Amino acid sequence: MQEHQSIARLKQGDIGGLEELVRKYYLQAVRAAHLVVQDHDLAEDIAQASFIDLRTKIRHFDESKDFHPWFFRSVVNNAISVCRRQKREITLVVEDESGNELATLERLSEAGSGLEETYITEETRQAIWQTLKQLTVSQRAAIVLRYYLELSENEITKELDRPKSTIKWTLFAARGKLRQLLGSIQAEETQPISTEQKEEK
Amino acid sequence: MNDKRLKLILDQLGEQAFPADTDPWTPMQELLASESTRIKINPATGFTTLGRKNTLRLVAGIGLALLILITTLAIIPERQALADAFKHLFRIAPSEQYSIPPSYKFSTPTFAPSFAATLAPVSGMAASQTDLPTTTGMSQSSVNPCGIDPYGYACRVAWAEQRAGFEAKEFPADPKGFVFKDITTVNPDSITMEYDVIGGGGYLFFNQGIGNEFPTFTGEVPESAIQEVQVVKNRGEYVVGDYVVVGHDKVFTWLPCCRFRLRWMEGNHWFELDKEASQLTVDYMTEDVMIQMATELVDRPNPVQEPRADYLTSLGEASQLAEFDILSPAVLPEGFQFDYGKYDKNLSQLQLVYSPAGTQGIADITIIETPINKVNLAPGDNGESIKGEEVDINGYNGTYFSDSPYNHVLTWQVGYLKITLSVYSSELWYGATFTKDQILEIARSMK
Numbered sequence: 001m002q003e004h005q006s007i008a009r010l011k012q013g014d015i016g017g018l019e020e021l022v023r024k025y026y027l028q029a030v031r032a033a034h035l036v037v038q039d040h041d042l043a044e045d046i047a048q049a050s051f052i053d054l055r056t057k058i059r060h061f062d063e064s065k066d067f068h069p070w071f072f073r074s075v076v077n078n079a080i081s082v083c084r085r086q087k088r089e090i091t092l093v094v095e096d097e098s099g100n101e102l103a104t105l106e107r108l109s110e111a112g113s114g115l116e117e118t119y120i121t122e123e124t125r126q127a128i129w130q131t132l133k134q135l136t137v138s139q140r141a142a143i144v145l146r147y148y149l150e151l152s153e154n155e156i157t158k159e160l161d162r163p164k165s166t167i168k169w170t171l172f173a174a175r176g177k178l179r180q181l182l183g184s185i186q187a188e189e190t191q192p193i194s195t196e197q198k199e200e201k
Numbered sequence: 202m203n204d205k206r207l208k209l210i211l212d213q214l215g216e217q218a219f220p221a222d223t224d225p226w227t228p229m230q231e232l233l234a235s236e237s238t239r240i241k242i243n244p245a246t247g248f249t250t251l252g253r254k255n256t257l258r259l260v261a262g263i264g265l266a267l268l269i270l271i272t273t274l275a276i277i278p279e280r281q282a283l284a285d286a287f288k289h290l291f292r293i294a295p296s297e298q299y300s301i302p303p304s305y306k307f308s309t310p311t312f313a314p315s316f317a318a319t320l321a322p323v324s325g326m327a328a329s330q331t332d333l334p335t336t337t338g339m340s341q342s343s344v345n346p347c348g349i350d351p352y353g354y355a356c357r358v359a360w361a362e363q364r365a366g367f368e369a370k371e372f373p374a375d376p377k378g379f380v381f382k383d384i385t386t387v388n389p390d391s392i393t394m395e396y397d398v399i400g401g402g403g404y405l406f407f408n409q410g411i412g413n414e415f416p417t418f419t420g421e422v423p424e425s426a427i428q429e430v431q432v433v434k435n436r437g438e439y440v441v442g443d444y445v446v447v448g449h450d451k452v453f454t455w456l457p458c459c460r461f462r463l464r465w466m467e468g469n470h471w472f473e474l475d476k477e478a479s480q481l482t483v484d485y486m487t488e489d490v491m492i493q494m495a496t497e498l499v500d501r502p503n504p505v506q507e508p509r510a511d512y513l514t515s516l517g518e519a520s521q522l523a524e525f526d527i528l529s530p531a532v533l534p535e536g537f538q539f540d541y542g543k544y545d546k547n548l549s550q551l552q553l554v555y556s557p558a559g560t561q562g563i564a565d566i567t568i569i570e571t572p573i574n575k576v577n578l579a580p581g582d583n584g585e586s587i588k589g590e591e592v593d594i595n596g597y598n599g600t601y602f603s604d605s606p607y608n609h610v611l612t613w614q615v616g617y618l619k620i621t622l623s624v625y626s627s628e629l630w631y632g633a634t635f636t637k638d639q640i641l642e643i644a645r646s647m648k
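Protein sequence lines correspond, in order, to chains W and G.
For what it's worth, the numbering used here labels the leading residue of the first sequence as 1, then goes sequentially.
For what it's worth, the numbering used here labels the leading residue of the second sequence as 202, then goes sequentially.
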């Protein structure tokens, strides 16, 4: 089924239209959310909520426009909102049985790691992951939109609800911080690729 | 690292967390099934498998039925209260307690590892006399706000107004105790201005938008929590509390604490002030203060040119306001930097706060400087020092007290100035430990 047909069906209230869109975009949505919120379970919640919302929001979608950037606006914005919400979760301080303070607070946590080896080392991936954690939510969102979802700066301007100049600056700052934090790893990566690595490639 | 390589790494990170064989549709179906009963009674969601014509008939039918019901209830005196429920500015929750949905997952808190702090010299510590005060107000309408500062408050407000399509109300300046943080228009036709509590511990969200009802994203409250209030000439509602999970409970319980919300309408313009705490122990707000904040809103604030005494952004500003020569440390724990200062003119008391970036409220060094002859002005301060161990600070007697490596207090007198230095590090969330010698070294470096 073509994407525009799925959208048309969903606009008519046909759940089959949603199923097609979920099957096509869920993985990208949950991975994008995961890169922003850096929490496996939250990413799933965000992706699912974005598709649930889609049932109503689809009525406002202009079919002459591209669906992909329009939809991922809600995914990334939802992720940003969740991050902000997480940050201001109420902390409850109560006494546990041992008398120690027990603070319950929802925080971002790291995702599980895969084992697949490619010519990009696990160390590099983890360094990127850790570096992403050190960026602000807006910077992470900008990185995800620009380099993971490969949206143009014009599209990001709409998605992140910021002037283009701010997006440029955010991307610049995010890239700068990535470069700074990854300096040593970059140096390693610029070394000639070994025969084994070439074979893997 | 080029863009393609970064894209590849991000792809791999995504695949690691969510492999391609993930079945996306089954959990979605379960979610949709669990929501279906709720959706059935809420045609406004627009989700139904009925045909479009039937859906419209259903919406029209339910709308008409509601109109008749409200009208009927409103003209029967004993049912007036029930009818009023339809007019609430807050959505009404059915209960003060409800079960945690199975799909709701709690993350495990990640506590900071403990580590021993190390000291480092402060770079550029001299108080600058050339620091300019922060301008938090809106500039004159004849001046392009983005021409003055494209990343400043005024430009961001102008941008948000353009995005949302209406002129926003604003505080004449940052409310006392808060500092502007961000402005967003994430939700259609609405603007959210976000403020941090100075020193950390809470947030203030000023939401506003166009429409006849409040958006649904701000949740529900029990009807018993709603207080009718007056905001200028408009009816408003004030609510204290939030749904929280206490300890290991399996339910959300309404807790009348630590979140304060005020809502009101002006024509078709809705407003909400939402003050939230990040920790129960450090929060405050009153109905009167919140209403006063609402009353003082303006269409276009004048630029604020003078330094804020309750939020000094540099040692230079502190020097300008303090009526004595201020002292500041030449060494600090690594990562700590000047955060903000406060000056109380009535008490002649200066407060300098240093903290690691982004850790307000969980790690800080607070230095309070007061002329000896003004010490008694502070409420509850009879001029006595804390009880503790006697120490020497560059030839002056001081008193040092600590009950753990995470908490230290030191007070001493330098000539005409009484200084109190306190070091706090949250064991759970920051983890840095300090030694007595380090505290003394910081104190001895002050000049």
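Simulated from the structure, these hints should not be mistaken for lab results.
Take these hints with a grain of salt, some might be off.
What the hints assert, rightly or not - If you anchor each label on the Cβ, the simulated ranges turn out as follows:
hint : chain 1 : residue 1 : chain 2 : residue 2 : range
1    : W       : Gln-5     : G       : Asp-500   : 44 to 52 Å
2    : G       : Arg-206   : W       : Asp-66    : 24 to 32 Å
3    : W       : Asp-66    : G       : Asp-212   : 31 to 39 Å
4    : W       : Asp-66    : G       : Thr-454   : 25 to 33 Å
5    : G       : Glu-421   : W       : Gly-16    : 41 to 49 Å
6    : G       : Glu-368   : W       : Thr-56    : 22 to 30 Å
7    : W       : Thr-56    : G       : Ala-531   : 54 to 62 Å
8    : G       : Glu-467   : W       : Gln-2     : 21 to 29 Å
9    : W       : Arg-59    : G       : Gly-420   : 20 to 28 Å
10   : W       : Lys-65    : G       : Ala-531   : 52 to 60 Å
11   : W       : Lys-65    : G       : Thr-454   : 57 to 65 Å
As the list claims (entries may be wrong) - Part of the chain W face toward chain G, derived, beta carbon under 10 Å:
hint : residue
12   : Gln-5
13   : Ile-7
14   : Val-22
15   : Tyr-26
16   : Gln-28
17   : Val-30
18   : Leu-35
19   : His-40
20   : Arg-55
21   : Glu-63
22   : Lys-65
23   : Arg-125
24   : Val-144
25   : Tyr-147
Since the model is a prediction, treat every value here as computed from it, not as a measurement.
The C-beta atom is built at its ideal place from N, Cα and C for all residues, glycine as well.
Report task. Could you tell me which of the hints above the structure violates, numbers in ascending order? Result -> Result: hints 3, 4, 5, 8, 11, 12, 13, 21, 22 break, sorted rising.
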